[in-house]
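Go ahead and model the full structure; you've got the sequences and the hints to work with.
Heads up: the sequence shown begins at 8 in this note's numbering, then just goes up one per residue.
Okay, the calculated beta carbon distance ranges per label pair:
no., residue 1, residue 2, range
1, 50, 133, 35 to 41 angstroms
2, 35, 67, 24 to 30 angstroms
3, 125, 69, 34 to 40 angstroms
4, 49, 69, 15 to 21 angstroms
5, 99, 21, 35 to 41 angstroms
6, 118, 47, 14 to 20 angstroms
Straight-line Cα separation of at most 27 angstroms, DSSO-like style, residue types lysine-lysine; simulated pairs:
no., residue 1, residue 2
7, 17, 60
8, 87, 116
9, 131, 117
10, 116, 131
11, 131, 113
12, 117, 64
13, 131, 87
14, 133, 81
15, 17, 64
16, 117, 87
17, 81, 117
18, 133, 116
19, 81, 113
20, 117, 133
21, 87, 113
22, 116, 81
23, 133, 87
24, 64, 81
25, 81, 60
26, 81, 131
27, 133, 113
28, 81, 17
Since the hints were derived computationally from the structure, they do not count as laboratory data.
For glycine and all other residues, C-beta sits at the position ideal for the given N, C-alpha and C.
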Amino acid sequence: MNTALPPNKKRSEEITIQYFEFLDRHLAELINGVSIEMFELQHIANTLCVSQKHLIKIIQETSGNHPCHFYVQKILTCSKDLLTNSELTISEIARTLTYDPSNFTKFFKKYEGMSPSQFRQLQKAKSSP
Numbered sequence: 008m009n010t011a012l013p014p015n016k017k018r019s020e021e022i023t024i025q026y027f028e029f030l031d032r033h034l035a036e037l038i039n040g041v042s043i044e045m046f047e048l049q050h051i052a053n054t055l056c057v058s059q060k061h062l063i064k065i066i067q068e069t070s071g072n073h074p075c076h077f078y079v080q081k082i083l084t085c086s087k088d089l090l091t092n093s094e095l096t097i098s099e100i101a102r103t104l105t106y107d108p109s110n111f112t113k114f115f116k117k118y119e120g121m122s123p124s125q126f127r128q129l130q131k132a133k134s135s136p
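Here you go:
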């Protein structure tokens, strides 16, 4: 990972970049089966060598939202990609992302306004000629 920044970059910007790189890498590891657990914010903060409170403060200051907001958005992006571009069942996608299938459906519906199966059907209909 290249974390070298120009001298004018602040430590808070460096931590923000590292946070987003960590999220992308961790979700890729989940999807590829390298990791089998979804990390909590505390674990991410520890990995970045900052306190959870400090991480929250920095991400809110540099990006305008709580770190969990971005974590949720990235999980949704991965979910939608898997629903659209894979043959995995919804239960398999849920387990890949460390969710119980019913909780995954609730999570997805809360943020997307439709169930994963409705989303998948909509995507299939959009791609059909």
